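I would like the entire structure built from these sequences, with the hints used as guidance.
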Amino acid sequence: SQQGEEDPQALSIQEGENATMNCSYKTSINNLQWYRQNSGRGLVHLILIRSNEREKHSGRLRVTLDTSKKSSSLLITASRAADTASYFCATVVFQGAQKLVFGQGTRLTINP
Amino acid sequence: KAGVTQTPRYLIKTRGQQVTLSCSPISGHRSVSWYQQTPGQGLQFLFEYFSETQRNKGNFPGRFSGRQFSNSRSEMNVSTLELGDSALYLCASSLRGANTEAFFGQGTRLTVV
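Chains as they are written, first to last, in this note's numbering: chain A, 804 to 915; chain B, 2 to 114.
Derived from the structure by calculation, the hints contain no laboratory data.
In silico contact screen, one side only, chain B against chain A (beta carbon under 8 Å); selected entries:
no.: 1; residue: 99
no.: 2; residue: 102
no.: 3; residue: 105
no.: 4; residue: 106
Here the structure is a predicted model, which is why all the values come from computation and not from measurement.
Note that beta-carbon positions come from the ideal geometry of N, C-alpha and C, so glycine has one too.
Here it is as structure tokens:
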């Protein structure tokens with residue numbers, strides 16, 4: 804079963820607008836990570852936010868974490884065509900040993 | 002420093018055959034994880050190796066196996082291929098495992114016909 808679930812599954816916006824994606828998870832976490840994947844390629848790590856952090860910034864990215872609601876959001880400001888990709892949240896699940904589990908992802912399309 | 006290298010990039014195999022995929026992690030990384038990505042199931046965890054030992058395994062049949070060498074390079078093997086094994090196989094390396102940043106390779110696109 805998936806630990807993280809992204810919402811929405813797909814998002815299409817105009818270049819220059821802000822894009823917000825949400826992730827919900829089920830169990831307690833040490834941290835939550837966001838990754839980007841361009842079509843058919845490997846994933847690229849964007850940001851890691853620890854359970855004792857509420858907000859983290861990296862360039863045009865802003866990630867928030869609400870452990871009481873078991874949810875996180877990724878905001879991309881001033882979107883560009885190059886931001887078109889799938890975005891995944893990932894959390895660590897302990898099943899005998901720790902493993903990184905990904906949600907189904909949000910497919911973001913930036914229209915020029 | 003060099004990134005994660007996966008070979009081959011593309012592969013076409015026939016049902017019933019076996020296949021071996023290779024992953025060279027970032028230098029100094031001891032953890033290598035493998036994922037299968039399909040449109041229907043998304044990213045599914047296969048297994049993780051750390052210092053030549055399988056540390057965790059996902060819910061895949063025994064046809065899927067892997068190993069890690071002393072230089073941290075890893076291979077995964079799929080025997081008796083089925084059509085449903087067609088997928089993008091991704092390898093990720095990290096310093097210590099799941100709680101640290103993972104660096105992914107470009108993947109191997111396997112097509113079973």
